[in-house]
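Q: What follows is the residue order along each chain.
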Amino acid sequence: MKAIAELIARRKRQDRWFALLGLACTLIGLVTLVVLLAGLIRDGHHRLFDPTFYSSFPSARAVRAGILSPLVGSLLLAFVTILMAVPLGVAAGVYLEEYAPRNAWTTLIEINIANLAGVPSIIFGLLALGALIYGLHMERSLLVGGITLALLILPIVIVTTREALRAIPQGIREAAYALGATKWQVVWHHLIPYSLGGIATGTIIAMSRALGESAPLMTIGALTFITFLPPAPLQKQPPFVNFQWLNSEFTAMPIQMFNWISRPQAQFSELAATAGVVLILMTLSLNAVAIVLRYRLRKRIKW
Amino acid sequence: MTSVPAAESTQSVPGTPMPGAGQSLPLFGSGRPRWGERAIEWLLFLAAFVSVVVTIGIVAILLWESSTFFRGVPLLEFFTGRVWAPTFEPPRFGILPLLCGTLVTTGVALLVALPIGSIVAVYMSEYAPFAVREFLKPTLELLSAIPTVVYGYFALVFVGPMLQRVFADMPGANMLSAGVVMGLMIIPYVSSLSEDAMRSVPMLLREGAYALGANRMITAFKVVYPAALSGIGSAYILGISRAIGETMIVAIAAGGQPNFTLDPRQPGLTITAYIVQVSMGDLPRGSVGYQSIFAAGLLLFVCTLGFNIVGYFLRKRFRESY
Amino acid sequence: MFRTKMIMRVLLAGLCGLVLFGCSQPAAPVAPSNDTVGRSGEAVEGNGLSSPLLESAALAKLSGKVRIDGSSSLFPVIEVAAEDFQTATRKAVDVPIAHAGTGGGFKRFVRGEIDLCNASRPISEAERASCKEAGIEFIELPVCFDALTIAVNPGNKLESITVEQLKKIWSPDSQGQVMKWSDVDPGWPDTPLRLFGAGSDSGTFDYFTEAIVGKARSSRTDYTGSEDDNALVQGIKGDPGALGYIPFAYYIENTKSVKALAVDWEKDEAGPVLPSLETVVQSQYNPLSRPLFIYVNRQSADRPEVKAFVEFLLVNAVKTVAEVKYMPLPANAYLMALDRFRELKVGSGFQGKPEVGVRIEDILAREPQ
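Residue numbers (our numbering), protein chains in the order written: chain A, 1 to 303; chain B, 1 to 322; chain C, 1 to 369.
To be clear, the hints were calculated from the coordinates, so they are not data collected in a lab.
Every value quoted in this text rests on a predicted model; they were computed, and no experiment measured them.
Where hints are given, some of them may not hold.
[Unchecked claim] Covered stretches of chain B, as calculated for chain A (at least 3 residues, CB under 8 Å):
{"no.": "1", "segment": "82-91"}
{"no.": "2", "segment": "130-142"}
{"no.": "3", "segment": "145-155"}
{"no.": "4", "segment": "181-189"}
{"no.": "5", "segment": "234-242"}
{"no.": "6", "segment": "273-280"}
{"no.": "7", "segment": "286-298"}
[As the list claims (entries may be wrong)] Sample of chain B residues facing chain C (criterion: CB under 7 Å; computed from the structure):
{"no.": "8", "residue": "A209"}
{"no.": "9", "residue": "A227"}
{"no.": "10", "residue": "Q257"}
Glycine is no exception: its CB is placed at the ideal position from the N, C-alpha and C atoms.
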């Protein structure tokens, strides 16, 4: 009996040590996060709450520099990327989950998607450089940047759609079929609405990653001295909407940060830190929205 | 779910024929003709096929530019040369230094991320109380949301000098600091996905182990971990892909010097950082230097492709269903 | 379910709203603040530099785009000039500037994609031939000097270095051979030599290798090369045995982190010279002071906005250049450059390669070919 009691005591101790180890490891991650954020905020808090920082263009003089064009550039880029990646990704996910037969084509497509998810982001930049800019002679524009980032996050959207669709119980589909719905009707009227939440979550997280990507944009040559905004899409004359802004040169937040960090004057390092804080706040708020959505979904939809 | 009373299920709408095998239903409500369904299916297939098109596009571009490159550069020199200097006079094209750089930084990153990530995953799925887990998981995921440019500067300005105090003779920009920071960035990828995989293992298996007198740690490593191996493998593979493909952290913090060495205390250059270095610089299209980025990119792509295919089949093999 | 839909509609609307808001920002001029007064067409301190094109009335009538690409070394100067120009024209003229590097810029210039090419070296023979083939004529104008500074760790006891010693350090044969300071000069300490310099795909690299080693692009390869000069400064600061070459602006902003060595060029018998505003303007800091140029597309020069910008740049060059810590040309050199531009004299005064140690006025005096 004593031997057993000793064994149990030893095992319990082991557990406690491991719990400590686990906590310590988790803390490593947290401490890194805190140190990073603290360092950034310490260096960059000076102009964080200054409204002119958000309404001025980047300038060669640190005092007057702001992030207007990179901020707008990043937002527009996000807009174009989502517009392209989400419909395509959802369609592909729906096909793979609902329609695809188990044959070699499907395996090929699945392997491709798994591979694209792991391809380094800079390869997409090379693709855009070679195929779009030099191949199709496109401008170094927002459109090309959007296409590059859309291709980058496409695999994530597809995987998220599939996971969201998989979570819907078969019973819903069968009930709809039983009432005479066609496959597409089932998808359009039932499956997509229920999975939109999961898709939105995944897209938001993918988008927050794309916002921080600078390598592929640098490869296609996003400019860094832009003191003008793309032309407005709304105009007074018919047809009241124009697409010139898609063809305009642009810059983005991480690129501007990188540019500022490379300058010799110390004030630009501070500005870069401020831009970094703004960028992190943007990605964090996107992530927070995604988390809240995910939580609400888990609560609300109980199959 | 409410159940349908059985008696009414066989009643049909009066006046409509019952559908026989192969007959299409008459239209009522908002139905569509059958051919619309086929068209939609084709459209969706095309959407899924885009991924294949993209891969083909990538391979085509890389091969196209590299073919011109390899006409001028002997394959033997490319694969066995120890000096990478395409833009110098005379140019040297040995890719081994870049491969060393990628290997060393990835190795250091994985040495940091895989153990820590796995332990964190085990802790969160087996030990942590609900409140702690719900708070820690999203917080750790925030680590992966930080732009890599920020990480690069963190490595150069903070981690580098810190490590210099441990290793006296080390230059400020070295592969060790870049690798360590890369590892820190990858921890959430590994831990989050592994934890998801472990949580989907049914409690039954754990309860069996507890009933036999195992503590949580033994259960975790001998029962849960092997059961979730397929998902954990995916997490590891994702982490490895992320490490191989990381660009900015290395470009900023590892020193820009191609170096044929496996010593992480030296500066080095990875394939990805080389491509970015060239894109930011001066190479006009058509020059050998410009083509060298496509040749390097091709090698990188082939490696990640092979790696991902192996991973895909391994995962399929180890997938367990309950 | 309804709530999720609502949330997402609100999000989407918010995103659209932000996008539209961003786009429809009127191209509001940054309120001209006091320190841009002085950048105008009036003569600056009576040195004769002025231009009727730069009267406010003339500037107000301009519109269009001036496309610029090229050297990242010259970028800081052109950036300040462009910003002031845009303020002066009340944002009616856009001046997007990229920095794909001197070679990349020339490629686009030859294709007619840009109006102005920034260059940290003279146009090469091959590029000249391409221009001729494409029917593009160019006007070569020097803008300022940059001094490449030999920087070492502040703890380094050395004060000066000769070009011969630099050549020994950097030449390709020294790769793997010259690894310690004592390998260069037996009297120097035994510390390991760690080198930093420009990335091998930049005009700076081309110039340094031409000036020191004697042949463009000929250099040892085992050094830390980077486009990001701040990274080089960090590297030199962190290593007692470091030696590197960086643009003067990065040295002067970081005098606590790096120390400059005086350079002694045997050919000019001036002894060791430290880089500074005076030594460069008076052509004493050799061979590492290099002129930076702009090449203007002759056809673009007919457009009023391009003409105004180039004249604006040259007239205000002294102040602009000083602001970014580069070195201006001597005053009469700007006069000569302005004359060359107004007379639309096409061609280059160089033979397709940099010339070390020649005065800029002499080069401007040559008939461009």
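Q: All hints, please: hold or fail.
A: Hint check results:
Figure legend: the segment 82-91 of chain B, annotated as covered by chain A; annotation inconsistent (0 residues with Cβ-Cβ distances under 8 Å, at least 3 required). Evaluation of the coverage hint for the segment 130-142 of chain B: fulfilled, as 6 residues show C-beta separations to chain A shorter than 8 Å, against a requirement of three. Against chain A, the segment 145-155 of chain B contributes 9 residues with a C-beta closer than 8 Å to a partner C-beta. That satisfies the three-residue criterion, and the hint holds. Beta-carbon proximity to chain A at under 8 Å applies to 3 residues in the segment 181-189 of chain B; the threshold of 3 is reached and the given coverage holds.
Residue count for the segment 234-242 of chain B with a Cβ under 8 Å from a Cβ of chain A: 4. That meets the three needed, and the coverage hint holds. Counting residues of the segment 273-280 of chain B whose CB falls under 8 Å from any CB of chain A gives 4; the rule of at least 3 is met. Figure legend: the segment 286-298 of chain B, annotated as covered by chain A; annotation consistent (3 residues with Cβ-Cβ distances under 8 Å, at least 3 required). Violation of the interface hint for A209 (chain B) is found here, the shortest Cβ-Cβ separation to chain C being roughly 39 Å, above the 7 Å cut-off.
Given the 7 Å rule on beta carbons, the hint for A227 (chain B) is violated: about 33 Å separates it from the nearest Cβ of chain C. Checking Q257 (chain B) against chain C: minimum C-beta separation of about 5 Å stays under 7 Å; hint holds.
Comparing the model with each numbered hint stated earlier shows that hints 1, 8, 9 do not hold.
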